[in-house]
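J.: When you get a sec, could you build the whole thing from the sequences and use the hints?
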Amino acid sequence: MEEMVTRVKWFIKVTNLSGLAYYTFVYEAWQIGEPHHKNETVAELTSMFSYALKVGNQTQIKQRKTSMGIKDTFLDLFLNCLAESHCKIRGGNKPKQEAPDRVKETLPENVISPVWQIKGLSTVFTVLCRIDFNNIPGINPHSDTPVEILHTVLLGFFKYLWCDAVSVRIGNDKLKHELLETPLSSVDISGLGLSHLAGHTLVQYAESLVGSDFHAIAQVAPFVLHDLVPTECYDTWVALWNLIPLIWQSEIENSMEHLV
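Each residue of the sequence shown is one higher than the last, beginning at 1 in the working numbering.
Read the hints as simulated data drawn from the structure, not as lab findings. A couple of the hints might just be wrong.
To be verified - Result set (PhoX-like, lysine-lysine): computed pairs, CA atoms no more than 20 Å apart in a straight line:
1. K104 - K54
2. K65 - K38
3. K54 - K88
4. K88 - K38
5. K54 - K65
6. K96 - K54
7. K94 - K104
8. K104 - K88
9. K71 - K38
10. K119 - K54
As the list claims (entries may be wrong) - Restraint-style ranges between C-beta atoms, simulated for each label pair:
11. S190 - N110: 48 to 58 Å
12. C81 - K119: 46 to 56 Å
13. I149 - D101: 40 to 50 Å
14. F223 - H37: 36 to 46 Å
15. T236 - S185: 22 to 32 Å
16. S212 - K119: 35 to 45 Å
Note that this is a predicted model, so its numbers are computed, not measured. Every residue gets a Cβ at the ideal spot worked out from N, C-alpha and C, and that includes glycine.
T.: As structure tokens, then:
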């Protein structure tokens, strides 16, 4: 309940701001923190497991997950087993503690996800690439995990930016809606390999669009949003427009240099 109240307060505060004040608040509120490191994460996950072995630590574990931003679904399976082992036992902590102690004996030696335990690149890969990888450490899931473009970019922050532009920056201004729909429908997309854009649909149903719609919008947004949104918002769209071609690289030239 406390978390929900906090989110509502933040939402009200943000939606009551406009222009530069809105973007200043968002910038200050969502500063990028320090990147996670594999060894620190493994230590934190191991610490959570140690907490779970003791009765009465479920709240602390939940708080640590929230504060650290770390969740291992593989580990969660064992954490839940430990928590459920004593939840129906009556009495003080002493009789309850016997249950997780018994469960612990049945658990595997490694209770965190195998992705944290990859020690390096395979010998076969090393031979095929003819590169000495002996000094290269194992995979770091924080930095080496591929990004799933559809849900991270198009249906992620791109969708939210488009909904913000249509619903908040332009809002209920019918004239601006028409000024956005018209160029969307008439923009020349002959060199982009796209079908005709339905401007009314892309604006009227902004929150219900699919990935292919946002993929098309991403390529024309700076041209159709000019003078319709605040400067700070428009600059964000231009930066995103420059980022899109880098994300959709269908082929990497000199892949061996890229790997090194």
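J.: Any hints from earlier that this structure breaks? Give me their numbers in increasing order, please.
T.: 4, 10 and 12
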